[in-house]
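6 protein chains.
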Amino acid sequence: MFRHQKELQFEVKVERPDALLARQVQELLGGQFGEMSVMMQYLFQGFNCRGEEKYKDMLMDIGTEEIGHVEMLCNLISQLLDGISPAEQIEAAKDPMIAAILGGTNPQHLIVSGLGATPRDSNGVPWNSGYIVASGNLLADFRSNLHAESQGRLQVSRVYEMTTDESVRAVFRKMLARDRYHQYQWMAAISELEEKHGIVAPASFPPEAELEAQPHAYEFWNLSEGTQSSDGRWAKGAAQDGSGEFVYLEDPKALGQIPNPNLPHFSTHNDINE
Amino acid sequence: MFRHQKELQFEVKVERPDALLARQVQELLGGQFGEMSVMMQYLFQGFNCRGEEKYKDMLMDIGTEEIGHVEMLCNLISQLLDGISPAEQIEAAKDPMIAAILGGTNPQHLIVSGLGATPRDSNGVPWNSGYIVASGNLLADFRSNLHAESQGRLQVSRVYEMTTDESVRAVFRKMLARDRYHQYQWMAAISELEEKHGIVAPASFPPEAELEAQPHAYEFWNLSEGTQSSDGRWAKGAAQDGSGEFVYLEDPKALGQIPNPNLPHFSTHNDINE
Amino acid sequence: MFRHQKELQFEVKVERPDALLARQVQELLGGQFGEMSVMMQYLFQGFNCRGEEKYKDMLMDIGTEEIGHVEMLCNLISQLLDGISPAEQIEAAKDPMIAAILGGTNPQHLIVSGLGATPRDSNGVPWNSGYIVASGNLLADFRSNLHAESQGRLQVSRVYEMTTDESVRAVFRKMLARDRYHQYQWMAAISELEEKHGIVAPASFPPEAELEAQPHAYEFWNLSEGTQSSDGRWAKGAAQDGSGEFVYLEDPKALGQIPNPNLPHFSTHNDINE
Amino acid sequence: MFRHQKELQFEVKVERPDALLARQVQELLGGQFGEMSVMMQYLFQGFNCRGEEKYKDMLMDIGTEEIGHVEMLCNLISQLLDGISPAEQIEAAKDPMIAAILGGTNPQHLIVSGLGATPRDSNGVPWNSGYIVASGNLLADFRSNLHAESQGRLQVSRVYEMTTDESVRAVFRKMLARDRYHQYQWMAAISELEEKHGIVAPASFPPEAELEAQPHAYEFWNLSEGTQSSDGRWAKGAAQDGSGEFVYLEDPKALGQIPNPNLPHFSTHNDINE
Amino acid sequence: MFRHQKELQFEVKVERPDALLARQVQELLGGQFGEMSVMMQYLFQGFNCRGEEKYKDMLMDIGTEEIGHVEMLCNLISQLLDGISPAEQIEAAKDPMIAAILGGTNPQHLIVSGLGATPRDSNGVPWNSGYIVASGNLLADFRSNLHAESQGRLQVSRVYEMTTDESVRAVFRKMLARDRYHQYQWMAAISELEEKHGIVAPASFPPEAELEAQPHAYEFWNLSEGTQSSDGRWAKGAAQDGSGEFVYLEDPKALGQIPNPNLPHFSTHNDINE
Amino acid sequence: MFRHQKELQFEVKVERPDALLARQVQELLGGQFGEMSVMMQYLFQGFNCRGEEKYKDMLMDIGTEEIGHVEMLCNLISQLLDGISPAEQIEAAKDPMIAAILGGTNPQHLIVSGLGATPRDSNGVPWNSGYIVASGNLLADFRSNLHAESQGRLQVSRVYEMTTDESVRAVFRKMLARDRYHQYQWMAAISELEEKHGIVAPASFPPEAELEAQPHAYEFWNLSEGTQSSDGRWAKGAAQDGSGEFVYLEDPKALGQIPNPNLPHFSTHNDINE
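Residue numbers (my numbering), protein chains in the order written: chain A, 7 to 280; chain B, 7 to 280; chain C, 7 to 280; chain D, 7 to 280; chain E, 7 to 280; chain F, 7 to 280.
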């Protein structure tokens, strides 16, 4: 069960309303790697977690923090939209310059949400749960979490560069710091799991079952002309877990057959029989 | 530019048609972490790659390989659907047992694709590009790639356990081996980049700008009751890059204000202005 | 079966083309609460209606009217786009001011629809049937209808304020009047049903089955700190149907257990089994 | 900011695992009117709320409660999936009867989530934020909330009838009771607002602006043949706010023109210009 | 403006309820090529039509007919679901055979729509307007219409083969006949336009502008190994409009450069600038 | 299996960066009829093709070419975005004119993709596989292909008119020429199939089964008032395959019953049973 307290996690202020920036910040809220994504991803991973008490607790800690980040960004967007109004649109229409600037804003901030944040990205695409993952395998999921914090921090840093509003930048600095910590956090958790189970996810697939296909677990297939790709750790030396040696296949041959599927039954109406 | 050769990368055979399995394999083809996702993700990262020739070449190698994996899975699904027909559905209706089994199959395999694979997941949801990422930042993206290969291999291993068809399992063993190699590959590339730029993505955000928010980059906020989460590397010791010391905030306090947004202008028709 | 007559339900005129307004009007056509939504919602409720002849007839009346509203808005958008052309875009590019204004328009109006309306919202997101509902329970659905007309009228009134085109405003006045009537209409229908079956939907769930959970049907759980929420009719007095007394739980206690799910079988490859 | 406590709001138990029921319960979690929808809807309405302290507090109370309902349903689904495994699928394949029953389950519960709940509906369609609304106008939004609780309670009562698992039914009884309370709650809040501002949303659109279109605010247009729809409160008597008298237009005439849009410029390549 | 008459266009009867078939018929209603698609496609093409009165009238004729087809299919699905109930689900649970068969049905027919049709496909995916097109160019759009009627008729014929219910088959025969007529209709309209403007869409792109790229308008690029594709009319002879001669490039050479994009500015945080 | 070569199929150059044009070109890449659609459509048709070697080979040729077109457009967009940066946004903010122009650009080009193309349309909507078709019936699918090339060429010609950048126009000329060839190609393939099987898709539905509904295969139903639609080849003369004579039903009568579905069982909670 959850409880809410009135104060935001960090202070959220803006120097001046800025409807263009409000649109851009929507990406950090409702985009593929926005706060809604990490909030829902961590909560579902936590709710579904089986058998690892400390990881479940950690997931609930950070998932709960992220609900508060969604709250902060909604508040930030509200402040950036403050004072905008349909009537102002009409005034603006008289000054082509202002009209032009308003052209870059999100019409749904006025028509749909009445100056509030929307659960959508910077182009107005609704958030959907196809963005998130909770697979039940902690190593696989923590790699997703590290990735999500990387993209999230990258996007915040880009929007940071797009504004000179020092109050907004102060909010972003808090988010950048948290996203940095969360990268440390997932790296640490990943290291723990890799030490315990090995570095390949999932760990439990029986190696003996893989035997016959074993060589393919160490081959780089060079399928784009040029061999610049041979200049990397992945192309030579032992696999990181010492289980084999990498091989660079400079001119790999296809090993399969030419497909030749059967003709379908008349009643499929594919019209290709006879 | 691309070229196609007739042979599949690996041999694809099935022992017997199995429409239920065909539905399950769709997840590996058109699901969130199916082959369509890695194919499109690597191709877009490669197409958009700037300035790092060897990484671009590597991305094109693996992206091109993945087009062939989509091809293999389409062929596998076709073979699993071989011989199914609407007329068989009618026959099946006479035997409630068979009718019942057919109830678990994907109706679109007959009605929409005429015994072919569909670009959708195991529940028939269309693949969409909201599943993939190409951010321009290689470290952030390679972490996504490592994650995608982890989820992909996990899903293949689960479907592997769901069938006893040894020919299908042989195909999956090849895929498991490749997904293992691709995990090694992205780990190696990530290590290279982390050594060069540091472990936090993005690397280029100026540390001095983060100064004021600095402490928050090392704090674990315990927002779910219970302190099991304190038992982990993320809660104590130095950050992995040595830039600070982790702090476990057992009872963190909110640092922000209580939000108090302004009343909107009359013309928004929010009806809350007095 | 349906028939079409050539005249629009109401006259649709514009004083001057306005591609920015055309984009905004798309929200009223293809947005979450646009005319496509009410059209499809009423038609599906009507098509699926069982056993209540007068409600079915009423649903078909209003559903049929709404097809005509979609027609009117398509025509309005066409007129607002009249005379726009790719060639004009090039001319505009020479005048940065005009170019800037065009920046706020919907590129699909030129590239995709050739100066026609699109079945999408003001940000270009396709309409989808996840916006609508037809549950088979009339009270539940009529509450949705009242809600849809409220949101629809709100959005029209906001776009009304965003233009000074008196001809467009005249069209909107007709829509505002119809949306007002439709609110009256659904309120009347809701009252009829509530008098007949009671105010809680669905009415038919057996009260005795609910007995053990009965107290929870009257409790307000105060889970956000502060007790401002106690100042409302929902926090005190009898339930509107007289079936119980409201209770304000100022400091509610969780009544459930701490979840402790079992470890999964090895073959799920969750890697958390010892 | 939010905090999480370990206990669930209500006790969640199942008598026996039931993967078919697990699939059905997904509708109540991630469907159009599932708990994810009310959770996100109330949170966004609360985050964006301007100027009405008691409503904002109430929205945060109920929004916070709903996060806990998502938690409860995730836990319920985990228990219903308990003990399912890929290996069991293989065993099942040997018994056509069990295989058939498994055909009705959600393959993603094994392949994607590893026995956890997914943020999707009973057919595996991802939840998306196009399901929810936060318009800034409280009356319009509260009508949506009343509607959502009506649909939600309807769906729970239907799934209740589909199982005989008394432990699961006990969970549903709690949810039914809460959904009943929440209907009372929104009715009470709606009444307060209607008394204050009037029953038509939005209240603030100036009546004088509507004058010319005024008659249309009281007309029922009979556009489906048959006049059964005349037998209702909406077809006769005064409007509920006394502002006019309803008129039943038995044979309504179209009042608009026949549309006749201009030919487009050559450069649109519509190919219809002479 | 539209009007509705009570009778269906054709008689719709079923011999016996069949919830599995109800699910399959959803593809014909709310799938990519279902009746909702042609209805909305023709209506939008008609609403947006400029300058060609007879085509606009024809589009409105057929678009209006298709609304009635949606109505027919909704009615068909209702009849197929007749008598299904949650209580029956419980009874079924006692007989594993029936339970198994019910496993193949659409859970939303009970939980969401209460025995009504849903605006979704056979796997429960919501219809969306990304399925349809109205480009303003009649030739391009009529080719889409011919295509849609081809896919639609193909799908009806497949579902026809999947049932032995003679009453349902009689409904499908009407639909097959209408889909046949509609193919004739679009072929006729396409021929008219091709005679008038030429066979390449759009017709109005100035040939002289294409001059430099002219040769590429007649080349077949053989990019998949093997030359079976040379055995077709497209590989030899004059173009159908006599404007050039086809050339089969058996071993085509890439004509472009190796891409070499610039390094991005520091502030994009791509971390690849040195 | 596929292979990649470094050179683009055609040269891709731009005279000057143009972020507005970059947004517009996204429609040609990731829109409903963009290159991603034809690429995936042809590949799936080819992968799933049964029994027609020359068509399969042809589909693989053109599908493989289209991967290269996606590559070209990604490169074009990268060049159009070259030199844009967040820092420039800040500079722009000082000059309202430039700020205004930037308002029309796609914020995701900076925030999400770091100056790369995104797999989305010109409004930022993700590409999804609901755009494509591979039905197993070649005639039906080739009609879709002809249609897709028509829409694609139409959209390229419109964007062509929207820019004066001669280098970009040169790229488009190549694409226009290829789209022209591909229209010839599909027309030729369609002719071959129509000659072999007849012009109605699918060909294999037994004519005798259609007998009873036969008349409806030749009737034009005039359901929109006015008879302009009688002035066309579809309204008179013999069907194109000589199988019957067209009839123009000027005032068609509904042939079906008035629907009257049964009342549902109590346990559906539709609340409409007595």
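Calculated from the structure, these hints are not laboratory results.
All values derive from a computational prediction rather than experimental measurement.
Hints are supplied without guarantee of correctness; some may be wrong.
Result set (DSS-like, lysine-lysine): computed pairs, CA atoms no more than 30 Å apart in a straight line [said to hold, decoys possible]:
1) K242(D) - K242(C)
2) K242(B) - K259(B)
3) K12(A) - K19(D)
4) K259(C) - K259(B)
According to the in silico footprint, chain F covers these stretches of chain E (three or more CB under 8 Å from chain F) [claimed, not checked]:
5) 21-32
6) 42-50
7) 108-118
8) 135-145
All C-beta atoms, glycine included, are put in the ideal place defined by N, C-alpha and C.
Evaluated hints:
This hinted pair does not check out: K242(D) and K242(C) have alpha carbons roughly 36 Å apart, beyond 30 Å. Between K242(B) and K259(B), the direct Cα distance comes to roughly 20 Å. Compliance with the 30 Å bound is thereby established for this hinted pair. Proximity of K12(A) to K19(D) is assessed by CA-CA distance (about 33 Å); at most 30 Å being required, the pair is judged violated. For the suggested pair K259(C) and K259(B), the alpha carbons sit about 22 Å apart, so the restraint of at most 30 Å is met.
Taking a C-beta to C-beta cut-off of 8 Å, the stretch 21-32 of chain E contributes 0 residues in contact with chain F, too few for the three needed, and the coverage statement is violated. For the stretch 42-50 of chain E, the assignment as covered by chain F is violated, since 0 residues bring a beta-carbon within under 8 Å of that chain's beta-carbons and 3 are needed. Counting residues of the stretch 108-118 of chain E whose CB lies closer than 8 Å to any CB of chain F gives 1, which falls below the minimum of 3, so the coverage claim is violated. Coverage of the stretch 135-145 of chain E by chain F holds. Counting CB-CB distances below 8 Å, 6 residues qualify, and the rule asks for three or more.
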